[in-house]
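Q: Here the structure of chain Y is known, so what remains is to put chain Z in place on it, guided by the hints.
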Amino acid sequence: MKKYILNSLFAAVVLFAASCKPEIETPAGTTAGQANFSKYIAVGNSLTAGFADGGLYLEGQKVAYPNLLATQMATVGGGAFTSPFFADAQANGSGYLTLSALVNGSPTLANVTTNLAYRDATHLAKYTGEVQNLGIPGMRVDLAFAAPYSAANMYMERLLSDTQVGTTTYFQFIQGRNHSFFSLWLGNNDALGWATNGGVTTDATNVLTDKATFSMLYSNLINALTAGGQKGVVGTIPDVTAVPYFNTVTVPALLAAAKAINPTAVAVFIQTGTAVRAATSEDLIRLPFQTAGLFGTGAIPYGLDPRNPIANNWVLDKDEIIRVKDYVNSYNSTIKSLANSKGLAVADTYTYLNMVKAGIPIQGININSAFITGGAFSLDGVHLTPRGNAVIANLFIDAINSKYNSTIPSIDITKYRGVKFPDK
Amino acid sequence: MRKLLLALLFSAPLWVLGQGFQVNLQGQKQIGMAGAGSALALDEASVFFNPGAVTFLEKNSISAGVNPLLFKSAFKQNGSNITENVKNKIAPPFEAYAVWGPKSNKWKLGLGVYTPFGGLVDWGNDWSGRYALTSLNLKAIYFQPTLSVKISDRIGIGAGFVYNHGDVNLQRALPVNYPDGRSGHATLEGTGSGYGWNAGLYINTLSNITFAVVHKSKVITKLEGGSATFDVPESLRSSFPAGNTFNAELPLPSTTTLGIGIPLSKSTTLAFDASWVQWRIYEELAFDYAVNTPALADTKSARNYRDGSSFKLGVNHKASGKVSLRAGVGYAFSPVQDGYVTPEAPDANRYILSAGVGYAPTSRFEVNASFFFEDVQSRKQKNIETGLDGTFKTLVYAPGLSLTYKW
Chain Y
44 MKKYILNSLF
54 AAVVLFAASC
64 KPEIETPAGT
74 TAGQANFSKY
84 IAVGNSLTAG
94 FADGGLYLEG
104 QKVAYPNLLA
114 TQMATVGGGA
124 FTSPFFADAQ
134 ANGSGYLTLS
144 ALVNGSPTLA
154 NVTTNLAYRD
164 ATHLAKYTGE
174 VQNLGIPGMR
184 VDLAFAAPYS
194 AANMYMERLL
204 SDTQVGTTTY
214 FQFIQGRNHS
224 FFSLWLGNND
234 ALGWATNGGV
244 TTDATNVLTD
254 KATFSMLYSN
264 LINALTAGGQ
274 KGVVGTIPDV
284 TAVPYFNTVT
294 VPALLAAAKA
304 INPTAVAVFI
314 QTGTAVRAAT
324 SEDLIRLPFQ
334 TAGLFGTGAI
344 PYGLDPRNPI
354 ANNWVLDKDE
364 IIRVKDYVNS
374 YNSTIKSLAN
384 SKGLAVADTY
394 TYLNMVKAGI
404 PIQGININSA
414 FITGGAFSLD
424 GVHLTPRGNA
434 VIANLFIDAI
444 NSKYNSTIPS
454 IDITKYRGVK
464 FPDK
Chain Z
340 MRKLLLALLF
350 SAPLWVLGQG
360 FQVNLQGQKQ
370 IGMAGAGSAL
380 ALDEASVFFN
390 PGAVTFLEKN
400 SISAGVNPLL
410 FKSAFKQNGS
420 NITENVKNKI
430 APPFEAYAVW
440 GPKSNKWKLG
450 LGVYTPFGGL
460 VDWGNDWSGR
470 YALTSLNLKA
480 IYFQPTLSVK
490 ISDRIGIGAG
500 FVYNHGDVNL
510 QRALPVNYPD
520 GRSGHATLEG
530 TGSGYGWNAG
540 LYINTLSNIT
550 FAVVHKSKVI
560 TKLEGGSATF
570 DVPESLRSSF
580 PAGNTFNAEL
590 PLPSTTTLGI
600 GIPLSKSTTL
610 AFDASWVQWR
620 IYEELAFDYA
630 VNTPALADTK
640 SARNYRDGSS
650 FKLGVNHKAS
660 GKVSLRAGVG
670 YAFSPVQDGY
680 VTPEAPDANR
690 YILSAGVGYA
700 PTSRFEVNAS
710 FFFEDVQSRK
720 QKNIETGLDG
730 TFKTLVYAPG
740 LSLTYKW
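Top line first, the protein sequences correspond to chains Y and Z. In this text, residue positions in the first sequence follow the numbering used here: the first is 44, and each later residue adds one. In this text, residue positions in the second sequence follow the numbering used here: the first is 340, and each later residue adds one.
Just so you know, the hints here were simulated from the structure itself, not pulled from any lab data. Heads up, some of the hints might be wrong.
To be verified - Pulled a few chain Y residues facing chain Z out of the computed Cβ check, cut under 8 Å:
1) A134
2) A144
3) I405
4) G407
Quick reminder that beta carbons are idealized off the backbone N, C-alpha and C, glycines included.
Looking at chain Z on its own, in the form it has when it is part of the complex:
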């Protein structure tokens, strides 16, 4: 039975193609398993991974964790002998969850606050692609109140409402020169919000193999009245008026995940997640300025993402009553098509490797640590819009730590 299921899973047509701005750091245990775990009722992070599994959690709990992330990207211009690197900036993806329900009842309430999308790249003001981008700091913080209900002893469903608070700061150099030769600079900064939902189904079969179907909806994040600051020589000021504002829209994609959990022994569980990320909604990045001038038109930059996908396999092993060990591998297909790779998201297909350890000194208290590594493959590209022509290579490192209290 198990073999058959695995065979079915691996022969399923690949949803070829997920990453872009996606951050796969939403629960310390799951991170240690490469981000798999939608079919496991592991802990309160199920609020994110599968609201349908939340009701099967044995205890009420509250947890918080952080995964300082280093996105190390390098670029070599086509034909150049110089490799340029992003500055070392640490992005702070975090996650906090609370799950509560009356003991041995059919329902549980959950709340999750997490960062499923984001980006922090700072190439500096002197790099060869500065007129395309100097830095991006994008944060999406999802707030998700959730209700999870047992339909039977083996089937749970759950759903949550998602509110997104988004923050963006995008900067680039402008190809106009001051008398001393330095370039102009544009800074677009704003906050926005959007709404969505997250729903999941959890099934525990008689063989204790578990299944999950989860859909997280798209969240169209609208930025209104962001500030558009242009540092330009004064003689160009009328073309780039001071105090200008902009509106923009960032569509964050929906994700559909199929998960499976296989208990290999009493102490060891295997988890596999296949996710389909519907990135195709990210067609363009458009900025609508409040004041337009002949030199400052509204911009529409084609992004033309296709759908992305990822496959993650993780294992959780209870080494003793107090210590758990975890490991995972994964592969993700980039949603970014040839000709659309940008320095803000120098994306390519990537390998994922992870490890984790959990320690529970008492029945109420738990510490979990993880290490997450992504190897984004080298990609030689010429961007259609900017003409930026060269090779990107990125490595991602994210150690993490969380604390949990259960009752």
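One chain only, chain Y, in its complex shape:
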């Protein structure tokens, strides 16, 4: 009898389990508000394309922020979203970096060289068909108007027919696509290209675009994208010093490493645009310097003697930082004022990534811009991890929702990974 009663009790409890769920009300259903997401196109550079870990490959393409955004838009009337995905057999695309080991906390990176998508040494397999993710790694506002660049950039060349290669500009390429909504996050490389070459200009990809030129060309882009009265969202340009690429190899760390080997080392010496001098913590060293194998080598130790300083292109010195920050601020005021004049939403990645630099807790993860452990930036120190893409996509969603009174649902960022650590 007692057993029977207990069993019945247990059964009753299990029945409650099936029913009687707590409900949480959703505010006013889901709506596109004043926007129309039926055909969304994404205009931009490597960040839009899903470039990560120093390469463009299928996993990164699938989690590019426009692709995550399009998935969420689908719940409020968004249509299909096509991207120039690499074929599964060529899923590793251009090749990319992986973390192969951590030795005493120092990363060892390796190149993925299998299942690549090259049709010859410098060209990728062509992609034909409709494309809505129009992100081209390396694309700049100034080069969007240069037809020869469509031949020089292998990611763009891949998407063009033979007659278009070298004759079609990116500006022409993005038009005539009957879009109802767009995102435009372009201009990063107009500053970053120069910065990631240590403030040295050697070719068109590392010029610091003139402020007035930027303003005029960006205005052309906005006008073309809103020609049919379309709504959209634009992204501001992050502070170039907010990325791990410039904050991982520091002058104090280099000096400490040198002193550990040679206690007489007094300073790290750098070549700036104008002089050779001792570096300070205000000068930023590029991430790849860590693995370049130059530091301290030679009869006159490299970087530790004014007669053999670290070369100009490895260092973004403090004067160059002031200069690039001034340009980024100017670009961003252009972007914001043009967006406001057209009633567009602004995803302020400049402000947001400066917050990430200090670290922000999201869904139980402390996301910051530390290399590898920060979780937002991939192994190239500039581009985003899948998790970083999800965080940025939420920033775009918030901007769109608040501008157009839409209710695109936010993304659960925990579904997306940070850097992969080797399990050996």
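A: Frame of chain Y, contents of chain Z only:
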């Protein structure tokens, strides 16, 4: 007189603010009355509710009961269109009491074993807050030997010593990824112990209105040498060493209760309890690891609870010589402040509704059943420490059954 007393009671300043990990399931009859009954010498559960009333129990008795509890919590991330639910896990709060004393003497001895604090939530390993918490299983089992003495025919005092055996298993995902993309996982598991006391005063006035003042002390439960297991990719093993242990401390709060019992008729009694739970001692949840590394520092998570309180009103009606019916309502103020709501205790102010029935086929044997329901109000929160941002809503269901033998 009765009216005046009620008026006084309700005009008393509210100790605004009790629940957190508190489990209000310590006696089947009292559960049926929403947890009120400190001022009633109802049965052997007075060992918990008011040691001062134990000496007024007519018979010696022994009882045991269980209240399978379903804590059904839901979460919706801010801006999301997806509601996530905890897994259906049944926590087993239980209570066992024995009361003995020589007939018509001034004293009685009691022993209680009960579970006043606990928590069982399992959000699963895939939910959006997994990096804050995946599951918590917390049990505190109090053992309380008690002495109760009649000072006069109408006044009793009693006190018990409390030993707590605590058990905790806390799990969360770690935001480091294996090559296949899955996350790391941390499991903290340990047992601990603590000491305290429970004392009460019971007064039966000439009008047979009864009063109770009860204080249950805080019990600082110390966990030492718990196991800290980190499942991480091997390349991070040196940062999260295998076989690590931790120490932690969980302060369980003191509770002060004022109770009143009002006989409405020969067969019907009203009970009202107001409790003040001094949760403010729960300032932080700290884990002190035996081995620290640059990636594994000791953690201190602010909890900053304030005091909580609850108000419970119950009625006990003897429908016949053999059958009793009970019902109760209550309201509890959460000790958890804005910005500190966590998935381990998604607390908010709550309503309590209960019903119970007792059946005594003979003078020696008694069966009591109860049903206890709590509606924890929906609460939209962004946690300061984890950034977890969304709305929690919880419903609690606990049917219960106990058996009593009297002599």
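Q: Please write out, lowest number first, the hints stated earlier that are contradicted by the structure.
A: 1
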